Each structure stands twice: as structure tokens, then as C-alpha cells.
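Engineer: Spelled out from the first residue to the last, the chains are:
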Amino acid sequence: MSGSLLLQSLILGVLLGGLYALLAAGLTLYFGVMRVVMIAHSAFLILAAYLAWWFQGETGIDPLVSLLVTVPLFFVIGYVMQRLLLSRLRPASLTMMSVLLTFAIALVIEGGLGYVFSGTQRRIQLDYSSSSIEVLGANIAVVKLIAFALAGVALVGLWALMKLTRFGQALRATIQHPEAARLLGVNTDRIAGFGFGLGLATAAIGGTALSLDSTIYPSLHWHWIGPLMAIIVVGGLGSIPGAAIAAMVLGISQSLLQIPLGTTWAQTVFYVALFATLMVRPQGFFGGRLAQRF
Amino acid sequence: MPSASSTRSAFDTALLGVRGLILVVAAVLVLAFPRMAPDAFILSVGVVIASYAALAVGWNFVGGFTGYISLGHAAYSGLGGYGTALLIIDAGWNPWLALVGAAVAVALIAVPIGVASLRVRGASFVIVSISLVLILLLVSQSWSGLTGGSNGLRVPRPFADDVLRPEQHERFFYLNVALVVVALAVWWAIDRSRFGTGLKAIREDEDKAQALGVPTFAYKLAVFVISAFFTAMAGGLYALWFGSLDPIFQFSILIGSYMVLMSLLGGIRSLFGPVVGAVIVGYSLEYFKAQYGDTQFHLVALGLLLALVVLFMPDGVLPALGSLVDRLRPDRATSIREMTAAELLEHNRAIEKDSGTDGAAEDRETEEVVR
Numbered sequence: 001m002s003g004s005l006l007l008q009s010l011i012l013g014v015l016l017g018g019l020y021a022l023l024a025a026g027l028t029l030y031f032g033v034m035r036v037v038m039i040a041h042s043a044f045l046i047l048a049a050y051l052a053w054w055f056q057g058e059t060g061i062d063p064l065v066s067l068l069v070t071v072p073l074f075f076v077i078g079y080v081m082q083r084l085l086l087s088r089l090r091p092a093s094l095t096m097m098s099v100l101l102t103f104a105i106a107l108v109i110e111g112g113l114g115y116v117f118s119g120t121q122r123r124i125q126l127d128y129s130s131s132s133i134e135v136l137g138a139n140i141a142v143v144k145l146i147a148f149a150l151a152g153v154a155l156v157g158l159w160a161l162m163k164l165t166r167f168g169q170a171l172r173a174t175i176q177h178p179e180a181a182r183l184l185g186v187n188t189d190r191i192a193g194f195g196f197g198l199g200l201a202t203a204a205i206g207g208t209a210l211s212l213d214s215t216i217y218p219s220l221h222w223h224w225i226g227p228l229m230a231i232i233v234v235g236g237l238g239s240i241p242g243a244a245i246a247a248m249v250l251g252i253s254q255s256l257l258q259i260p261l262g263t264t265w266a267q268t269v270f271y272v273a274l275f276a277t278l279m280v281r282p283q284g285f286f287g288g289r290l291a292q293r294f
Numbered sequence: 001m002p003s004a005s006s007t008r009s010a011f012d013t014a015l016l017g018v019r020g021l022i023l024v025v026a027a028v029l030v031l032a033f034p035r036m037a038p039d040a041f042i043l044s045v046g047v048v049i050a051s052y053a054a055l056a057v058g059w060n061f062v063g064g065f066t067g068y069i070s071l072g073h074a075a076y077s078g079l080g081g082y083g084t085a086l087l088i089i090d091a092g093w094n095p096w097l098a099l100v101g102a103a104v105a106v107a108l109i110a111v112p113i114g115v116a117s118l119r120v121r122g123a124s125f126v127i128v129s130i131s132l133v134l135i136l137l138l139v140s141q142s143w144s145g146l147t148g149g150s151n152g153l154r155v156p157r158p159f160a161d162d163v164l165r166p167e168q169h170e171r172f173f174y175l176n177v178a179l180v181v182v183a184l185a186v187w188w189a190i191d192r193s194r195f196g197t198g199l200k201a202i203r204e205d206e207d208k209a210q211a212l213g214v215p216t217f218a219y220k221l222a223v224f225v226i227s228a229f230f231t232a233m234a235g236g237l238y239a240l241w242f243g244s245l246d247p248i249f250q251f252s253i254l255i256g257s258y259m260v261l262m263s264l265l266g267g268i269r270s271l272f273g274p275v276v277g278a279v280i281v282g283y284s285l286e287y288f289k290a291q292y293g294d295t296q297f298h299l300v301a302l303g304l305l306l307a308l309v310v311l312f313m314p315d316g317v318l319p320a321l322g323s324l325v326d327r328l329r330p331d332r333a334t335s336i337r338e339m340t341a342a343e344l345l346e347h348n349r350a351i352e353k354d355s356g357t358d359g360a361a362e363d364r365e366t367e368e369v370v371r
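Heads up: the protein sequence lines correspond to chains A and B, in order.
Everything in the first sequence is counted per UniProt numbering, starting at 1 for the first residue and increasing by one.
Everything in the second sequence is counted per UniProt numbering, starting at 1 for the first residue and increasing by one.
In short, the hints are calculated from the structure, not lab data.
Only a predicted model underlies this, so the values are computations on that prediction, with no experimental measurement involved.
You may find that some hints are simply not true.
Examples of chain B residues lying across from chain A (beta carbon under 10 Å, computed) [claimed, not checked]:
{"no.": "1", "residue": "34"}
{"no.": "2", "residue": "124"}
{"no.": "3", "residue": "272"}
{"no.": "4", "residue": "342"}
Beta carbons: idealized from backbone N, C-alpha and C, even for Gly.
Please work from the sequences and hints to get the whole structure.
Structural biologist: Given below as C-alpha cells:
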């Protein structure tokens with residue numbers, strides 16, 4: 001194995017890990033604010049990718065511009081979904097039933113995409129689709145760099161929002177201790193809705209990033225849901241730094257394992273990590289004592 | 001709920017009579033179905049529904065007793081199917097022996113899987129169950145030397161060539177019904193046993209059950225393995241009937257979600273819930289596929305159905321009917337019925353509200369405890 005191939009895989013792994021980290025952060029956000037495991041996250045990811053593809057096909061404008069519409073749209077969808085659907089579930093069985101409910105939403109999205117756009121595989125054609133830059137003998141596609149940059153900007157934005165604004169403070173308070181937050185006058189119901197919208201907005205960004213260099217089809221979300229779920233379990237449900245670290249480590253491992261094993265078998269690294277985590281540390285590597293119960 | 005006391009009220013006797021009558025009529029209808037079916041297509045739909053019922057009852061051993069919702073039981077039905085096929089093709093076993101052998105093998109495989117996945121509860125368990133199917137899908141697609149990969153695997157017919165297609169459907173219909181009956185009998189026996197009581201205690205409050213001395217892990221594992229066995233039998237029977245296996249359809253999360261939907265819709269706490277759910281869901285699925293087969297619309301229909309059940313009927317059709325009957329009961333106050341932890345919470349909260357205890361914080365606290 002040549003050094004440049006290794007370097008290339010490593011760089012690709014980091015780029016992939018960034019995207020995984022963004023999407024896993026969204027999943028962790030839902031879990032934090034609502035104790036909800038959102039199976040439909042990756043379906044919304046594919047929906048955003050389709051919207052970007054459709055937007056580009058109809059208008060010929062760069063798909064990144066579609067973010068101006070999809071991000072607010074997804075935020076509203078997330079808010080409405082939380083307030084109208086998820087908050088209706090009984091508290092005693094919330095975690096379990098939310099999985100089934102969001103699974104149902106994922107099916108509706110997949111079926112709807114297939115119905116509207118058919119099952120045909122789609123791909124965005126861009127002027128810079130095939131261009132790449134060379135770093136120390138490693139070829140890195142420009143679209144992958146753009147996707148990583150998007151993920152990076154979104155993650156930094158998310159971090160700034162959580163740490164520097166009053167809304168972020170209220171959201172963190174809601175995650176840490178809902179009762180105390182309510183005592184201090186935080187409207188936790190509304191904050192939970194906003195948190196959900198925020199999580200879904202990350203899916204809009206991730207989906208658009210994905211659309212730049214992937215072939216998309218309606219059932220693609222199943223390929224994403226497994227790795228993403230594995231990442232949040234390994235990282236510990238509810239821990240954003242845990243999700244980010246697990247996403248990086250697993251993304252890089254997947255990329256490196258592709259050299260000896262090939263793409264399909266390399267994907268099993270997520271599941272191996274998942275089961276190994278359950279055997280060694282069921283609550284995940286960064287999760288608190290509570291994570292095991294969910 | 002059957003009340004077993006000797007002082008049975010007239011209402012209960014009448015109820016028992018009605019239940020018995022419904023059961024007999026249902027049994028006669030099921031047994032006469034192949035004779036009444038107008039054509040081979042309807043007959044094959046019947047086989048599919050019977051097969052779904054077998055899968056749902058198999059699923060309900062874990063889902064109904066312990067409340068652990070597995071979205072990945074297609075792993076066991078798929079393994080049962082592939083196991084049966086491989087034992088016939090590669091090892092030259094008799095088809096029926098292969099069916100049982102594969103189910104036993106799947107039950108053995110379920111032991112380590114159960115040890116790993118039953119360590120976590122709730123949502124993490126669901127995630128693990130989904131991952132299991134995705135792994136098996138990856139493996140079965142990649143390991144084409146064994147499974148035929150995406151080309152699939154042809155399963156030899158278990159009956160001689162002179163048995164025609166409609167006759168095959170008829171035989172497989174009865175085989176599936178027999179499997180359902182056996183599985184229901186086992187479910188019923190567990191439901192009445194100490195083992196079953198322990199499992200239901202886990203469902204309502206696992207920590208308290210453990211504190212009371214229920215060997216929760218061993219119980220969960222045992223029922224998990226039983227569930228895998230019956231699900232694998234159903235999967236193997238399907239493979240023998242359908243005659244070909246394809247990874248995408250065998251290790252599909254959709255099949256697993258059908259099982260969940262059927263059981264939830266009918267009612268996971270009742271014996272016949274999964275069967276009733278299988279008839280409703282199986283019929284609607286076949287209808288949707290026939291009407292909108294070339295589009296993905298049947299996925300939308302399935303998703304909407306699941307969402308409606310989760311939002312408005314989380315206890316299922318049969319328990320809803322049961323509470324309707326309870327409402328008609330003349331001596332409602334004396335009725336003994338199973339209360340779920342959620343119902344108990346609602347009940348307590350209503351009492352609390354009545355007695356004027358105020359404060360959302362307290363409600364929140366009870367929620368936390370129940371979680």
C-alpha cells in the first residue's frame with residue numbers, strides 16, 4: 001500500500017467524519033431535548049438531497065443556494081413535528097413509541113420520494129463535479145471539500161448558537177434539567193420544538209452536502225441510518241462531543257478499512273463498533289449513567 | 001379478560017359464550033378458506049397473511065411479554081429462510097428436517113445476539129435490532145459464494161412435481177396455520193406461567209422486577225431465543241413456499257416493521273392480537289401492492305398506518321374492544337384488568353388533579369420515575 005493512498009484515505013476519512021459528525025449532532029440534539037430517537041433523520045437528509053437536485057435541475061443555479069429555502073423549511077417542519085406529533089406520545093412509552101413514529105415518517109418520506117421522483121438513481125452534474133486538488137500526491141475531490149466545509153461551518157454555527165446565545169443557554173438548560181429550566185422561566189415546550197427544528201436544519205445542510213457527490217435514490221436513507229445510529233450509541237446517547245468524536249473515529253476507520261476490505265465490508269466497522277460498545281460499555285463512551293436505559 | 005373465579009356473573013358467562021362463538025367461527029373460516037378461495041391468487045394472498053401471522057406471533061414473544069420493541073426480527077426470519085435453503089441445497093437434508101434444523105440453529109445464534117443486545121433498553125435496543133438486519137443484509141449481499149448474493153438463491157420444492165401450484169398454496173396455508181396455532185399455544189402457556197409473570201413485570205418496570213428477585217436477564221434471553229426460533233420457522237416456511245430468496249427482501253427492515261405494526265395494531269398484550277393485526281395489515285398491504293404496485297405509494301400507506309396506530313391506538317384493536325366491553329359491564333367496579341404503567345400514571349394523575357394537588361413539577365417527577 002502506497003503512502004499517498006493511505007494519506008488519501010485518511011483525508012477522505014476526515015472529510016467523511018465531518019459530515020457524520022454534523023448529522024450525529026442533530027440526532028443527539030433530538031435525544032437531548034426530547035428523549036427521542038429520530039429514525040427519520042436520514043430520510044430528511046435524502047429529502048434535502050432530492051430538493052437540492054430538483055432545484056438545480058429546474059433552475060440551473062448551484063444546489064448550495066437551495067439551502068436558503070431548505071434550512072428554514074426543515075426548521076419549521078421539525079418544530080411542527082415535535083409540537084404536533086411527538087409531544088402527543090405518552091411520557092411512559094415516549095422513547096419506544098417515538099422510534100416507531102419517526103420510523104413511520106421515514107417510510108412516508110421514502111415512499112413519497114419514490115412516488116414523485118421514481119426509484120431512478122439521480123446525480124447532480126456540476127462544472128466542478130470532477131475537479132480535484134492534489135495534496136502531497138493525494139487527490140481530493142473539490143465537492144468533498146465543499147461538503148466538509150459546509151459541515152464545519154454548520155457545526156461551528158451550532159456550537160456558537162449553543163454557547164453564546166440566550167436561546168442556546170435555554171436549550172442547554174432544557175437538556176440538562178427541564179424542571180429547573182422551567183422554574184427559571186424557560187418555556188421548555190417551545191424550546192424543545194426549536195431544538196427539534198435545529199436538529200432537522202442540520203439534516204438540510206447535510207443532505208445538500210451529500211447531494212454534491214453522491215448518487216441518490218429514495219431508499220438510500222437505510223444506508224445512512226445504520227452508521228448514524230451506531231455513532232450515537234458508541235458516543236453515548238445525548239452527548240454531542242461524544243457523537244462528534246465517535247463520528248470522526250468511525251469515519252476515518254471506515255475510510256482506511258476500505259483499502260484492504262472494499263466498500264461493503266468496510267461499512268461493517270460501524271456495526272462491529274456498535275456491538276463491541278454494548279458488550280464493554282452499554283451506555284456508550286461518553287454517555288452518562290442514564291443512557292443505558294434508553 | 002377471562003375471570004377464572006367460580007362466582008362468574010351472568011355478564012361474564014355471556015361474554016365467554018360470545019368469545020367462544022367468535023373463536024369457533026374464526027377457526028371454521030380459517031380452515032375452510034382454501035375451499036372458499038375463488039382463485040389461486042386469492043389463495044396465495046391467504047398464504048401470505050398466514051405467514052405474516054406466524055411472523056407476528058413469533059415477534060410477539062419478545063414484544064408482547066417484555067415490551068422490548070425489535071424492529072429487526074427480519075434478521076431471524078431471513079436467517080431461517082437462508083438456513084433452510086442452504087441445509088437442503090448444500091447439506092442435502094430433507095426439507096422439513098432442514099426447516100427445523102435451521103430454526104434450531106437460529107435459536108442458537110440468537111443467544112449471543114441476545115446477550116449483547118438485551119444489555120440495553122428502549123431506544124438503544126431498537127437501534128441494535130435495526131443494525132442487526134443491516135449487517136445481515138450487507139453480509140448476505142457480499143458473501144455471494146454462500147448466499148448467491150444479489151442473484152438470490154433458488155429453494156427446491158418440498159413437494160413432488162405432480163403437486164400443482166394451487167395445491168401447494170393450500171398445503172402451505174395449513175402448514176402456516178399449524179405453526180401459528182403451536183406458537184399461540186406456547187404463548188398462552190408462558191402467559192399463564194411464573195415465567196410469564198416475571199416477563200410482564202419486566203415490561204412494566206424492569207428495575208422493580210429485578211429488585212423483587214426476578215432473574216430479568218435470564219428471562220429476557222430465554223424469551224428472546226424462543227421468539228427467534230418461531231420467527232425462523234416462519235421464515236423457513238416462507239422460503240419453502242416462495243421458492244427463491246433475495247437478500248433485499250429477506251433482510252429487510254420493512255418485514256421487521258410489518259411484524260411490529262401487525263402486533264401493535266392487534267394488541268401486543270393479547271393472545272390473538274398479532275393474528276388480528278396480521279389479517280388487517282396483510283390484507284391492506286396486498287391491496288396496496290395490487291393497486292399501487294409499480295409506485296412506492298404502498299410505503300406511504302404503511303407509514304401512515306403505523307403513525308396512526310402509534311398516535312391513537314398504542315394498545316391495539318383487541319384491548320380497545322376489551323375496554324369497550326368493560327364499559328358495558330354492569331358491575332364495572334369489580335372488574336379485574338391489567339393496567340399498564342402508562343394507564344396507572346394517567347389514573348394517578350387524574351386522582352392527584354382531583355384532590356387539588358397542583359404543580360407541573362410534580363407531574364414531571366412522576367414521569368421521571370416511570371421512565
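Engineer: For each hint, tell me whether it holds in the structure or not.
Structural biologist: Structure-based check of all given hints:
Interface hint status for residue 34 of chain B: violated, as the beta-carbon distance to the closest one in chain A is roughly 32 Å, over 10 Å. Annotation: interface hint on residue 124 of chain B holds; nearest CB of chain A at approximately 6 Å, less than 10 Å. Hint on residue 272 of chain B is violated. Least Cβ distance to chain A is approximately 21 Å, over the 10 Å limit. With its C-beta approaching chain A no nearer than about 4 Å, residue 342 of chain B sits inside the 10 Å limit, and its interface hint holds.
Checked against the numbered hints listed earlier, the structure breaks hints 1 and 3; every other hint is satisfied.
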